[in-house]
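**Student:** Letter by letter, the chains look like this.
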Amino acid sequence: MYHYSNFDHAFVAERVAQFRAQVARRLDGSLSEEEFKPLRLMNGLYLQLHAYMLRVAIPYGTLSSRQMHQLAMIAERWDKGYGHFTTRQNIQFNWPKLEEVPDILQALAEVEMHAIQTSGNTIRNVTADHFAGAAADEIADPRPIAELIRQWSTDHPEFQFLPRKFKIAVTGSPHDRAVTQAHDIGLRMTLQDGRLGFEVIVGGGLGRTPMIGKTLSPFVALEDILPYLEAVVSTYNLLGRRDNKYKARIKITTHEHGIDAIRQRVEAQFARLKPAFAGADWRLLKDIERHFEPPKFKSAGAPIAADHSLPQSPAFRAWLDTNITAHKAPNYAIVSVSLKKPGATPGDASAAQMRALADIARDFGHDELRISHEQNVILPHVHRADLPQVYHALRQADLATANIGLISDIIACPGMDYCALATARSIPVAQQIATRFQALKLEHDIGPLKLKISGCINACGHHHVGHIGILGLEKAGVESYQITLGGDAGADAEIGTRAGPGFGADEIVPAIERLVLGYLQLRLDRSESFLAAYRRLGLEPFKALLYPQSRKAA
Amino acid sequence: MSVTQISQIVTANDLRSGEVVYLRFAQSWTPELTKASVITDRDLARASLAFAQGQANVVVGAYLSDVTVEADGPRPSHFRETHRSTGPSNYRHGKQEI
Numbered sequence: 001m002y003h004y005s006n007f008d009h010a011f012v013a014e015r016v017a018q019f020r021a022q023v024a025r026r027l028d029g030s031l032s033e034e035e036f037k038p039l040r041l042m043n044g045l046y047l048q049l050h051a052y053m054l055r056v057a058i059p060y061g062t063l064s065s066r067q068m069h070q071l072a073m074i075a076e077r078w079d080k081g082y083g084h085f086t087t088r089q090n091i092q093f094n095w096p097k098l099e100e101v102p103d104i105l106q107a108l109a110e111v112e113m114h115a116i117q118t119s120g121n122t123i124r125n126v127t128a129d130h131f132a133g134a135a136a137d138e139i140a141d142p143r144p145i146a147e148l149i150r151q152w153s154t155d156h157p158e159f160q161f162l163p164r165k166f167k168i169a170v171t172g173s174p175h176d177r178a179v180t181q182a183h184d185i186g187l188r189m190t191l192q193d194g195r196l197g198f199e200v201i202v203g204g205g206l207g208r209t210p211m212i213g214k215t216l217s218p219f220v221a222l223e224d225i226l227p228y229l230e231a232v233v234s235t236y237n238l239l240g241r242r243d244n245k246y247k248a249r250i251k252i253t254t255h256e257h258g259i260d261a262i263r264q265r266v267e268a269q270f271a272r273l274k275p276a277f278a279g280a281d282w283r284l285l286k287d288i289e290r291h292f293e294p295p296k297f298k299s300a301g302a303p304i305a306a307d308h309s310l311p312q313s314p315a316f317r318a319w320l321d322t323n324i325t326a327h328k329a330p331n332y333a334i335v336s337v338s339l340k341k342p343g344a345t346p347g348d349a350s351a352a353q354m355r356a357l358a359d360i361a362r363d364f365g366h367d368e369l370r371i372s373h374e375q376n377v378i379l380p381h382v383h384r385a386d387l388p389q390v391y392h393a394l395r396q397a398d399l400a401t402a403n404i405g406l407i408s409d410i411i412a413c414p415g416m417d418y419c420a421l422a423t424a425r426s427i428p429v430a431q432q433i434a435t436r437f438q439a440l441k442l443e444h445d446i447g448p449l450k451l452k453i454s455g456c457i458n459a460c461g462h463h464h465v466g467h468i469g470i471l472g473l474e475k476a477g478v479e480s481y482q483i484t485l486g487g488d489a490g491a492d493a494e495i496g497t498r499a500g501p502g503f504g505a506d507e508i509v510p511a512i513e514r515l516v517l518g519y520l521q522l523r524l525d526r527s528e529s530f531l532a533a534y535r536r537l538g539l540e541p542f543k544a545l546l547y548p549q550s551r552k553a554a
Numbered sequence: 001m002s003v004t005q006i007s008q009i010v011t012a013n014d015l016r017s018g019e020v021v022y023l024r025f026a027q028s029w030t031p032e033l034t035k036a037s038v039i040t041d042r043d044l045a046r047a048s049l050a051f052a053q054g055q056a057n058v059v060v061g062a063y064l065s066d067v068t069v070e071a072d073g074p075r076p077s078h079f080r081e082t083h084r085s086t087g088p089s090n091y092r093h094g095k096q097e098i
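For the record, the sequence lines run as chains A and B. According to the working numbering, the first sequence is numbered sequentially starting from 1. According to the working numbering, the second sequence is numbered sequentially starting from 1.
Hint data in this document are derived by calculation from the structure and do not stem from the laboratory. C-beta atoms are modelled at their ideal positions from N, C-alpha and C, and glycine is treated no differently. Each hint should be verified, as a subset may be incorrect.
Mimicking BS3-like on lysine-lysine, the simulated pairs with C-alpha atoms at most 27 Å apart in a straight line are [as the list claims (entries may be wrong)]:
{"no.": "1", "chain 1": "B", "residue 1": "K95", "chain 2": "A", "residue 2": "K441"}
{"no.": "2", "chain 1": "A", "residue 1": "K274", "chain 2": "A", "residue 2": "K214"}
{"no.": "3", "chain 1": "B", "residue 1": "K95", "chain 2": "A", "residue 2": "K80"}
{"no.": "4", "chain 1": "A", "residue 1": "K441", "chain 2": "A", "residue 2": "K341"}
One side only, chain B facing chain A, incomplete, derived with CB under 8 Å [claimed, not checked]:
{"no.": "5", "residue": "R16"}
{"no.": "6", "residue": "A47"}
{"no.": "7", "residue": "G61"}
{"no.": "8", "residue": "V69"}
{"no.": "9", "residue": "H78"}
{"no.": "10", "residue": "R80"}
{"no.": "11", "residue": "P88"}
Chain A with its partners taken away, still in its complex shape (with noise of 0.2 Å):
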């Protein structure tokens, strides 16, 4: 994985530097909350509803387990014992005191890592699919891009104060896990006649104006992709709306302009800015690189440690079936480790846990961790041998929950247990569902489902994308759950339908049980998923189940 440059080493700490002066001056008085705020949100300081909360990037969500101990170290020195991965592939801290926050960023600065860009209007942590470098389905390891994405937009004089804020995703294998089409920039990769190159989406986004992204180039060759990008974001720059914050983001632009205007734009812009790279990004693409090597896999041949005294119990191959994907490298897999115990908050992990993380991906996974935008964490290489024994050690841990994919594996944002935009809880309705169906046992028979929920129009918990979503909101001064269904995060990404009427918080959960329970009548047989079902027989079946008194009424 990537390792600082000097340069990197004296920015990151430069940058602690200023901001411990900042919180000095702030807390002497010399600066106005004013003129702070923008500084603290530069260096991803909120102040939330009840506390401070620190947003670290954890760029395209690579982890090593000397940062993931770090982490921990963190969190039970100036937090409350745990730590919130988000969907953006950042780690939130939520209850941080203002004038320790300096030393929490030098301690994220000890092991290169830090918490620049990750608010403002500014390019924010570039998002990649959690698998990359080890899914069997992939053209190339999308990182090194990403790595130089990061490199680039980090304190890039022009795109300090965008019109709004911007995010990037890239995915290196067609079976899109990094929702790209609901981000600003998209980046998938591509072959085109041997050559290696991206699909540039553009104009993706959810929020309160949910709109699937639009493909501006269906090829930039890899030697282009920075000026390329260079040129759309200057493009977007000039471009997008200042006049109101709702209508700021690159969605709107497209929209506006249409895809078309903003293509000539950037096409003129980039036949201006490639020269001035002069190869310049692609001969730091090649030093990248060099930091990307894939592990020494353990060959199929060598003798391998295992402890054949561990039972394959059902728990344990209900654990492979659904945690385990494919690898690129022989006797190889991929393991999903669920943060989505039910009755648990979606995404937390404690000091202990992160700590057992750090030490699995050690002793077992080359080192290495991914945060994915799912709220889950993986151990990208895990040789097939040591799988019982990473299973016991990470049931040790309490992190053996078998249910990636499924309904209790619920992307969750704060809501309003956290955020001071939230307008209602996200993680109560959560915990409740998760549990519902735990004690149903209809789990596995259910099969795939991708459950989301957002406390607020702003859409963090990716609603909208979800095979059944839900949106937290105040109806007459009380929290209110509206559901969409047949949304989806995959390669041909959908918005979901509002299903109708919101549901009270007492509500939602006998609803979502009725739809589910529903669906299982509904499916042609067990290999027809929700998200089939739902587009085979369109919204009204199962409007039918989320409502039934209307219907009757009807």
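Fit chain B to the known structure of chain A by using the hints.
**Tutor:** Relative to chain A, chain B alone:
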């Protein structure tokens, strides 16, 4: 004399810890909602808010919040303020640790 009766408190977040705090008439801040001073006069509400906003080195983001007055003290009119006064529902953190 105002036609409609008001019932408000001043709330903010503590600058250093970020904790939710409430203004008392003694011009001090308390983390406990039950100890917040309830304001029923519009002029006093304006003056209290102005005082709170002038406390830039103590609190952040002061505002007036509607309450009803119950036997045990002020109760928020909006559920968001109820959550602010109690803390998150997934862990007994924040005010629930006291």
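**Student:** For each hint, tell me whether it holds in the structure or not.
**Tutor:** Checked hints:
| no. | hint | result |
| --- | --- | --- |
| 1 | B:K95 - A:K441 | 36 Å, violated |
| 2 | A:K274 - A:K214 | 23 Å, holds |
| 3 | B:K95 - A:K80 | 13 Å, holds |
| 4 | A:K441 - A:K341 | 14 Å, holds |
| 5 | R16 | 5 Å, holds |
| 6 | A47 | 20 Å, violated |
| 7 | G61 | 7 Å, holds |
| 8 | V69 | 18 Å, violated |
| 9 | H78 | 7 Å, holds |
| 10 | R80 | 6 Å, holds |
| 11 | P88 | 4 Å, holds |
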